[in-house]
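K.L.:
One-letter residues, chain by chain:
Protein chains: 2
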Amino acid sequence: MLLYHDPRAPNPRRVRVFLAEKGVAYDTIEVLIADKAHQTPEFRKKNPIALLPVLELADGRVLRESMAICRYIEETQPGPNLFGEDPWERAQIEMWNRHAELELLWPISQVFRNTSKFYEGRIKQCPDFGQQMREHVTERLAWLEGELGKRSFMAGDRYTVADITALCAIDFGKPSQIRLSAELHPNLTAWYSRVAERPSAKA
Amino acid sequence: MLLYHDPRAPNPRRVRVFLAEKGVAYDTIEVLIADKAHQTPEFRKKNPIALLPVLELADGRVLRESMAICRYIEETQPGPNLFGEDPWERAQIEMWNRHAELELLWPISQVFRNTSKFYEGRIKQCPDFGQQMREHVTERLAWLEGELGKRSFMAGDRYTVADITALCAIDFGKPSQIRLSAELHPNLTAWYSRVAERPSAKA
Numbered sequence: 001m002l003l004y005h006d007p008r009a010p011n012p013r014r015v016r017v018f019l020a021e022k023g024v025a026y027d028t029i030e031v032l033i034a035d036k037a038h039q040t041p042e043f044r045k046k047n048p049i050a051l052l053p054v055l056e057l058a059d060g061r062v063l064r065e066s067m068a069i070c071r072y073i074e075e076t077q078p079g080p081n082l083f084g085e086d087p088w089e090r091a092q093i094e095m096w097n098r099h100a101e102l103e104l105l106w107p108i109s110q111v112f113r114n115t116s117k118f119y120e121g122r123i124k125q126c127p128d129f130g131q132q133m134r135e136h137v138t139e140r141l142a143w144l145e146g147e148l149g150k151r152s153f154m155a156g157d158r159y160t161v162a163d164i165t166a167l168c169a170i171d172f173g174k175p176s177q178i179r180l181s182a183e184l185h186p187n188l189t190a191w192y193s194r195v196a197e198r199p200s201a202k203a
Numbered sequence: 001m002l003l004y005h006d007p008r009a010p011n012p013r014r015v016r017v018f019l020a021e022k023g024v025a026y027d028t029i030e031v032l033i034a035d036k037a038h039q040t041p042e043f044r045k046k047n048p049i050a051l052l053p054v055l056e057l058a059d060g061r062v063l064r065e066s067m068a069i070c071r072y073i074e075e076t077q078p079g080p081n082l083f084g085e086d087p088w089e090r091a092q093i094e095m096w097n098r099h100a101e102l103e104l105l106w107p108i109s110q111v112f113r114n115t116s117k118f119y120e121g122r123i124k125q126c127p128d129f130g131q132q133m134r135e136h137v138t139e140r141l142a143w144l145e146g147e148l149g150k151r152s153f154m155a156g157d158r159y160t161v162a163d164i165t166a167l168c169a170i171d172f173g174k175p176s177q178i179r180l181s182a183e184l185h186p187n188l189t190a191w192y193s194r195v196a197e198r199p200s201a202k203a
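Residue numbers (the numbering used here), protein chains in the order written: chain A, 1 to 203; chain B, 1 to 203.
Some hints could be false.
Identical chains blur together in the list; that is why a pair holds if it fits in one copy or across any two.
In the PhoX-like style, the derived pairs of lysine-lysine whose C-alpha atoms are separated by at most 20 Å in a straight line are [what the hints assert, rightly or not]:
#1 Lys117 x Lys36
#2 Lys36 x Lys46
#3 Lys45 x Lys124
#4 Lys202 x Lys174
#5 Lys46 x Lys202
#6 Lys45 x Lys174
#7 Lys174 x Lys36
#8 Lys124 x Lys36
#9 Lys36 x Lys22
#10 Lys117 x Lys174
#11 Lys174 x Lys150
#12 Lys117 x Lys150
#13 Lys22 x Lys202
#14 Lys150 x Lys45
#15 Lys124 x Lys202
To be clear, the hints were calculated from the coordinates, so they are not data collected in a lab.
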């Protein structure tokens, strides 16, 4: 398997952490967004809409979208279950993975796109929207702080794909100065330690 | 089963269309966003982040997030398969469902939130961001027009959950004057007729 990725982008990292948890070996090709390598005609043959990551199988089939890739890995590779063992657990994990994605990763990415120096001149930035998304994340972290008082991991009492998404989201807040605070977020801070200490977090 | 929904919002409609395709009977409670009914303390007991839809099972368990609900229905109810029959088909459908969601439904929703009269005074609107998302949708429709020349439905040669998401997205473009054009989008227009003609589209 071959993963097209950018080491600094959050969605490719979700897949790398997932593959590390599964213990799956794979090759990589770096496609650096900073160099606009994702927008070349060559890469657009792999993904016409110029998004990372992309997984290429040994037979040449190509899969886009981080969660489509992770689901395929979940079903075709051995290793720990990360999407749920029965319909109700699968639904719970899907719910919390989507919360982590839509309430954290997505708005945090929008803060970066719309307010960072990195994107200045690359896209038409809307700083007002970035600011709103920053406030949205503040609210959602306050909510999740309460949730993580009830259990050890995002979706229950074990580590799942929802923790991978939330970890990648929180870490991608760093360049926008979005951080957990030990004072405001003791439960989230303890959760973060649990997931960031795993060897897979370095992937 | 009890579905908390707003008849005019696109995410609850995804679940209603899905349930109609499955032929599943269910009760509904209307939670009208126009009346701010989703923001009451009572509804926040069902969903603390005030989003629709919410599914309540007979035993009182509650599930949020349209795709978590649809996956649970897929696994626990008979009826046609809408998420894929094997790992590769499931990965393809997940990929196209996410494309329909992230490249159509989500930006179309942002156009509405940031430029509509409906949201004036309800949220702090960023019309510039709305305009950018409008341009994004125009580009993505041009891409999907080519894709739908290769096959009859979003994810392949049969109707799946990816068509439900794309249908609800296109229809939610109407209040923002985002429409398919028979001239620019002949393939998408033909696809739209195929999915909009199904009885489930009225759900």
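K.L.:
Against each hint, give a clear statement of whether it holds in the structure.
P.N.:
Quick rundown of the hints versus the structure:
Taking the closest pair of Cα atoms, Lys117 and Lys36 come within 20 Å of each other only inside a single copy of the chain (15 Å); across copies the shortest separation is 37 Å, beyond that limit. In this assembly of identical chains, Lys36 and Lys46 lie within 20 Å of each other by CA distance solely inside one copy; the values are 15 Å within and 44 Å between copies. When the C-alpha separation of Lys45 and Lys124 is checked against a cutoff of 20 Å, the pair qualifies neither within a copy, at 25 Å, nor between copies, at 39 Å. In the homo-oligomer, the alpha carbons of Lys202 and Lys174 lie at most 20 Å apart inside one protomer (16 Å), although the nearest pairing across protomers, at 45 Å, exceeds that limit.
When the C-alpha separation of Lys46 and Lys202 is checked against a cutoff of 20 Å, the pair qualifies neither within a copy, at 26 Å, nor between copies, at 37 Å. Taking the closest pair of Cα atoms, Lys45 and Lys174 never come within 20 Å of each other, the shortest separation being 32 Å inside a single copy and 32 Å across copies. Taking the shortest Cα distances, Lys174 and Lys36 never come within 20 Å of each other, neither inside one copy (22 Å) nor across copies (34 Å). For the identical chains of this complex, Lys124 and Lys36 are intra-copy neighbours only, at 16 Å inside a copy versus 33 Å across copies, given an alpha-carbon limit of 20 Å.
In this assembly of identical chains, Lys36 and Lys22 lie within 20 Å of each other by CA distance neither inside one copy nor across copies; the values are 31 Å within and 44 Å between. In this assembly of identical chains, the alpha carbons of Lys117 and Lys174 lie at most 20 Å apart only when taken from the same copy (14 Å versus 35 Å across copies). When the C-alpha separation of Lys174 and Lys150 is checked against a cutoff of 20 Å, the pair qualifies neither within a copy, at 26 Å, nor between copies, at 42 Å. Neither within a single protomer nor between protomers do Lys117 and Lys150 lie at most 20 Å apart by alpha-carbon distance, with minima of 38 Å and 40 Å respectively.
With identical chains, the CA atoms of Lys22 and Lys202 are at most 20 Å apart within one copy only, with a shortest distance of 14 Å there and 43 Å across copies. With identical chains, the CA atoms of Lys150 and Lys45 are at most 20 Å apart between copies only, with a shortest distance of 16 Å across copies and 46 Å within one. In this homomeric assembly, Lys124 and Lys202 never come within 20 Å of each other (Cα to Cα): the closest approach is 32 Å inside a single copy and 38 Å across copies.
Violated hints for the displayed structure, listed by number in ascending order: 3, 5, 6, 7, 9, 11, 12, 15.
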